[in-house]
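K.L.:
First to last, the sequence lines map onto chains A and B.
For reference, each letter of the first sequence is one residue, going 1372 to 1929 in this note's numbering.
For reference, each letter of the second sequence is one residue, going 1372 to 1929 in this note's numbering.
Honestly, I wouldn't trust all of these hints.
Chain copies aren't distinguished; within one or between two, either way the pair holds.
Below, a list of computed lysine-lysine pairs in the DSSO-like style, where the Cα atoms sit at most 27 Å apart [as the list claims (entries may be wrong)]: (1) K1799 with K1915; (2) K1592 with K1676; (3) K1627 with K1725; (4) K1445 with K1626.
Think of the hints as simulated: they come from the structure by calculation, not from any bench.
The residues making up each chain are set out below.
Protein chains: 2
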Amino acid sequence: MGRKYVIGLDFGTESGRAVLVAVDNGEEVATAVQNYQDGVIDEALPGSGKKLEPDWALQNPADYLHVIEQVIPKVLQTSGVSGDDVIGIGTDFTACTMMPIDKEGTPLCMEPEFADRPHAWIKLWKHHAAQPEADRINEVARERNEDFLARYGGKISSEWFFPKALQILDEDPEIYHAADRLIEAGDWIVLQLCGEEKRNACVAGYKAIWDEGYPSPEFFKALHPAFENVVADKMTEDIYPAGVKAGGLLPHIAKKTGLTPGTAVATGGVDAHVAVPAATVTEEGKMVMIMGTSVCHMVCCKDKKRIEGLCGVVKDGILPGYYGYEAGQTAVGDIFAWFVNNCVPGWVAEEAAKAGTNVHGYLSKQAARLQPGESGVLALDWWNGNRSVLVDADLTGLMVGMTLTTTPAEMYRAVLESTAFGTYKIIKELEEGGVPIAEVYACGGLPGKNPLLMQIFADVTNREFMVSASDQTVALGSAMWGAVAAGSEAGGYDNVTQAATRMARLKDDSFRPDPAAHAQYERLFAEYERLHDLFGRGGDDVMKTLKEIKLTVRGSNG
Amino acid sequence: MGRKYVIGLDFGTESGRAVLVAVDNGEEVATAVQNYQDGVIDEALPGSGKKLEPDWALQNPADYLHVIEQVIPKVLQTSGVSGDDVIGIGTDFTACTMMPIDKEGTPLCMEPEFADRPHAWIKLWKHHAAQPEADRINEVARERNEDFLARYGGKISSEWFFPKALQILDEDPEIYHAADRLIEAGDWIVLQLCGEEKRNACVAGYKAIWDEGYPSPEFFKALHPAFENVVADKMTEDIYPAGVKAGGLLPHIAKKTGLTPGTAVATGGVDAHVAVPAATVTEEGKMVMIMGTSVCHMVCCKDKKRIEGLCGVVKDGILPGYYGYEAGQTAVGDIFAWFVNNCVPGWVAEEAAKAGTNVHGYLSKQAARLQPGESGVLALDWWNGNRSVLVDADLTGLMVGMTLTTTPAEMYRAVLESTAFGTYKIIKELEEGGVPIAEVYACGGLPGKNPLLMQIFADVTNREFMVSASDQTVALGSAMWGAVAAGSEAGGYDNVTQAATRMARLKDDSFRPDPAAHAQYERLFAEYERLHDLFGRGGDDVMKTLKEIKLTVRGSNG
């Protein structure tokens, strides 16, 4: 038996990618990326040109299918690997990205009669037009004292499944009733690949209020009389953990891609979550952080705990047999990018060019010379609100301590530190709630780009930060779940721990906390934490008042 | 009798200037500026090269005399005006800028035996090395419940007269004892011009704790046994209001400058204060603001009131017959300059260049399009501490409300607005204390440069802002006091109201408050004021804690 391979398919916001991975050692043999032709549809529908309201964000399912037809043949061709040697396929998707489909699984937007109806299309994760429905869900849930609220930090996001489903019913009941089912794109893609609808626990738990069962029909009825049986009518109660084989690859897809019919297809996953085993983590006590424009924190625990302000706690949601805890910071790399684009003077760019580096590189070098606390500047990392602990989108950024001699590098460092304080607050919240976190495993774009940031995170949190060796941890993770779905008899693995041991690797260098720096950071964190509570828990409502005033002024302008 | 002229001599931090002004209508006929050769001496003494400690700032009296010999002949020559037609000279000086002199009025630093002794030189206003002495003065004054503290916002600044005098005694008692007198440079220059020591009420009151009398010998003794008779031994109790004729020009100065011996020389003044009549203001209810790197607020009132956190209340301190109230903001133009140098991205400079303007111009244009409150961003204007109301140098800048879409123009506008809120707070404090302010008269560098700033000040404070027509209001004001010192018999004026009516002018355009904008600003100011009190009055000490941490870290770095 020759060398065996698995394919990880990673469906992002703008593009989809395939990575072809060797099962024996996790070698990433080939990668291919395909941009979505229609990308994020936020102005007008393709074809009909029908205009969309503000805050809408849709996608075209044809783009996903096009990805499959393009990237799988490409990785086979580039690598010279035969389709016969590919034993499994795993997928991950943005979430909640959902759509109405008919009995055959065809999205309603692909049917000519519905093509000009916005609600027939796929609602992308960042479709924010279901806020009124989210508000209603939260209000009704609070009135009814629904238990589930506590699992999601007290609030259901407008980005999640039921607000989006309810928006369809509210605004285009015909589409709602015409839909045979409402389904996550991550489950739909598995259905397309293998013809089986095996919905995964990860999206069900984190995005659709599933906890070994959905909210009651009474709850849904209280939202809208016609919504009472949304689960029974439009969904399914059968939910599967990650790594289960959903089915075998359908012949027509096999033909188009060069793979073998019947190849194992794993249940789908959420992009962030499949990265966990790809960062070598398959047990409790180890937090995985995907660090990019935003940060997602994931940690597993055998026990179910109630923690304030998490994004969700889901059984089998990350790893089978564990409760998966997810938290997040809405903006991290995004704040750094904002800072560099809006707050860094031209002379820094000139100095950076002279030194043969970019602005981030130059500022990092200058900022690295500062001791913790030396600048006297402190920030709250809420430029895009606070997702975890406070769960409040209306909070905003704050910076304090500037003098006439404060430098761009000092402010840059304060901004980096603020995001580390945000993560430290989440770690403390989890540990105080009974979920221990001894080490952190980082992946995503930031760890490789900004070593100063990583050292600050280690120093602030007083924890060692390991870094995943792969540049595409998410796609690798999907491939690993494909290897588990294939099983050892087919040349894969029987469980994710085996797969991680063989296929996942860390970089040699980790970031170890410096005790002296941490001691200094504890003093700064005390200030951060007090301001966090002052501005985040109603002690001083300046941020909300300013937002209210801003909305009033902008509203009256136009 | 032909046209008569007066000369205003304005001694600044880096240079001195003369302006030759026609008495009949205030026409500024000629101006000349001379830089001080030794400028601000803050590293080593001229001549001996003796190194100075940090925070020292000295000047060389020879530079002041050189100014007189250069600029007076120059304005006569440029204008073609004869020295015989110059009827009066007025002067203003930075303060407190003080020195030890001998019996003949010669500064000790000009005597060879003392030339290498730092304490023999002139301590410039921004000499900050007398902080330990200021701390001692404040401590002893509090212990003894000295009444005068309340007049100065509860704190004597290290920049003022007695801390500097006490530092001489503390650190070089031989110089202290060798000094026949300790004198303000503004009074010393009058002594040089006319041979008369007529100390002026303005510096005595605002810088030397004078209130129709100095603090008691017991108080001074409590500071240092040898300091008991500092007033009797080294100063004088004779204090004169502005506009009094101190004496006639000495023949040797007349010879060097081309003026007539005996020409009226007015008592000296502080730079900011002489601007008041030059901005047309000679009565109560009208605040004059000198707006530049910092802002100085001056207003007169017939009554003596106690106001929290003023820089000083002095009888005859600004205008004869009135109590003069002074307040200030430590940094205004300085904050804008810091912002532009440290926080404005390169692309703004490029856009500005394309639009044929500079960064301030470009940002002003963008910021002018915003409604009050539209940005959602709010700042506290404490980049250089808070001088008035809170009187706390350890406060620092704060900005709140930033999101990922916040623009440089929005932050720029928030910074401008923060300084207007600072002024509004001072105006409200004065009015609540019984000192009415109906209108504001602005002069200095900022009003001409930044119309958006002026409109924001008018809108925030809900008061009309008039702008002085002269670009050199301070020098014009000195010249006007020279005309008053000369008196009507010599072709001048009998009082400052007459002088202001004839010699001072406003620009045609003023800045009138927009009621709608003011209403919106009241909402924002409520937020500013609450944060002002929260961070400025001990509700939350984050600024001080960050400064403490910063000092600890910098100290331990060596």
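K.L.:
Each hint needs a verdict: does it hold in this structure or not?
P.N.:
Consistency of the hints with the structure:
no. : hint             : verdict
1   : K1799 with K1915 : both (26 Å within a copy, 26 Å between copies)
2   : K1592 with K1676 : neither (29 Å within a copy, 68 Å between copies)
3   : K1627 with K1725 : neither (51 Å within a copy, 53 Å between copies)
4   : K1445 with K1626 : within (14 Å within a copy, 96 Å between copies)
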